[in-house]
Structure formats: structure tokens, C-alpha cells
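**Q** Using the sequences plus the hints, can you model the full thing?
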Amino acid sequence: MNEKLIAFRVGVVVLAAACLAVVLIGIFGGGKGVFKSRYTIYLRFPRAPGVTVDTPVRKNGVHIGRVTDVSLKKDHVVLTAMIDADREIMKSEVCTISTTSLLGDPVLEFVQGSDRPLSDEVVSQGDYLADGVVASDPLQVLTSLENDIRKALGAISGAANDVSAVAGNLNRTFGDDAQQFQRILNKSELALDTFNKTMTTIDDVIGDPELKQGLKQSLSDLPKIFNDVQVTLSQARDALARLDRVGQKAEQNLDNLAEFTKPLGEKGDQLMRDLGRSVENLEEISSQLVVFSQSINSSDGTLGKFIHDRELYDDVRETVNNLHSASRRIEPILRDVRILTDKMAVDPGGQLKRVLENKPPGVGVKWGPGGIPLDRHE
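Per our numbering, the very first residue in the sequence shown carries number 332; after that it's consecutive.
Don't read these hints as lab results, they were simulated from the structure. Please note: incorrect hints may appear among the correct ones.
Below, in silico cross-link-like pairs of lysine-lysine (DSS-like), each with a Cα-Cα straight-line distance of 25 Å or less [claimed, not checked]: (1) Lys-390 x Lys-367; (2) Lys-422 x Lys-390; (3) Lys-528 x Lys-518; (4) Lys-547 x Lys-518; (5) Lys-555 x Lys-543; (6) Lys-593 x Lys-580; (7) Lys-543 x Lys-528; (8) Lys-367 x Lys-422.
**A** See the structure below:
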């Protein structure tokens, strides 16, 4: 075979393989970034189980990008994702790491946050989303439920054993005695009949329209009764509070009274002695009053004679009348003396001159009210 032909065929195969590789890369995502415009975002998660480069990113189940880098930090993980430029992610959406099945690979899913209001803000190039959530792994959930499932199965097994024991007891009780079983059935039937009669009677009683109306009225009055009870309880609490305050004031008054009576108790003996002396003095005064009253009632004493002797009383009365008459007669004399002294005080020279000239008093002088001279005429 011609070497050139072989070389040509080899070249065709290599070219075809290269084209096929490019097509496969484009189909499975490795080369999509070459043909489509994308933007980069950064996602923070507390952990990222199973997430690697090329882990798909979805929104509401639709593929929108892939993870391009996984960076492990001290206490968290930062994922770098490339998102198709024609796919919008809202800032109110939360990214979660979950699995598509029990044994499936992890996937990043953007969903609307349940505790966030809807937002029109769009995540753009270079944004950092720090609220990533890791969904529970179904296998881990099943593993954590292992103990609970084991306990539940144990409880079911115990219940089955109890049922088997009850069935065995019933077989031993009624297996060999058909008549006893029949008697129990008859009694059960009688009990059911009695129960039916009882329910019929109850239905007749409760079915009474008047009784139903009364029950409805009673039920409708229950809220009012409860309100009245609450008001009564509130008033009772207020009364108890006031009573407590009264008790506190009474206790305070008793304390004050105790402080007041404490000195009296300490000086009780002296007070009793003083009280005894006061009673003795009162008795002595009473005895003296008795003697005084006896002296007054006796006709031998001065007051007794004055009270009992009519003639002495008349003499005293006459003397008082004479003194009254004398005071009235001496009043003009005293008035003249007062006038004379006033004149002497005002004009002693003139008065002496008139006395020496032997003129009657008052000649040539005008007198004002009260005996005071107004002017003087020589």
C-alpha cells in the first residue's frame, strides 16, 4: 500500500477523533464555556459533602451552570460557580446542596427562601453569597433513625408476643368448654341489649327540644358566667390586697402603740404610786369640801350667819345702798375738782388773780367741752 495513502488515512482518523472530542466536550459541559457567555459567583457553605469541580448548578430543577473551584477554608467552604449569562439568580433565593436520589451525586439548587420576601435584585458578576444551606443526606437520616427503628421493631415484637399470649389464654380458657363460651356470648348479647336501651333512653332525654334549648341557652350563657367569675375573682383579689394593706397598717399601729406603751410599762410602779397619791389627795380634798360645806350650812360661822340671819343680810344690803348713794353724791365734787385742776394747769396765774380779786369763778373766761377754757379776758 502507498505510504502516502496510509498517512492520509491516519490524518483523517486523527482529525475525526479531534472533532469528536470537541463535540463530546461541548455536549457534557467541559467546553460549554468556550461557546457561551457566563458570569462568576462565589458561594459559602459550612460544608460541601461530595461537591467537586463540574458539579451542576440548577435553579428550580433547570441546569444553569457548574462549579469551577472548591476552596476549603478554616471553618467553611467557598465554591466558585460559573452561571450562564442568560440565567438570572435573585438575591432572595438560597443555594442548597442536595442529592437527586439516595445514591446520586450532589447538586447545587437555587430556590426561593421561605423566610425571605420576594426581591427583584439580581445576582451579578463577582457577588458573594454567604447563606448557603446543606440539605440532610437521606442515608445519614436513615442512619440516625436506626436506633428509633430498632426500638419500634422491638415494641412491635413485644406487642405481637402479648397478642400471642392473650390468644393462648383464650384458647386455654374456652377451647375445652364450649358451654362456658356460649354463656359468655349470651351475657355479651344481653349487655349489648342493655347498652342499646340505655342509649335509647339517653337519646330520648337529650332529644327533647326543650332540653336542647335549655342546653344551648346554658352553653351560650357560659361565656357571661366566666366573665362574671373573672370579675368576681378580680374584685376578690382587690379586696384581699386592701385587706393585706389594712393588716399592714394595723400591724404598724400595734408597733407604734407598743413603742408608746413601752415607757408606761417600764414606769408602771411609779405611775401606780403617783396614782395612789393622787387618789389620797382627792379623798383629802373631798373631806375638806365636806367640812367646808358643813361650815357653810352651820349658823355659827360667818358665812352661815350671813346666809341664815335675815337681819344681817338686810344690814349689809343697806350698807351697800348707802355706799352707792355716797358715790353718786361725791361725783359732782370730783368733777369740780377735776375742772379746777385743769384750769390751774392751763392758767395758774389768772386763776390766782381772780381768787385775789374776789371774782366769781368763770367770769371773763369762755369754756370749751370738758371744762377747758377757750380764751381769757382781763
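**Q** May I ask which of the numbered hints given earlier this structure violates, with the numbers listed in increasing order?
**A** Result: hint 4 breaks, nothing else.
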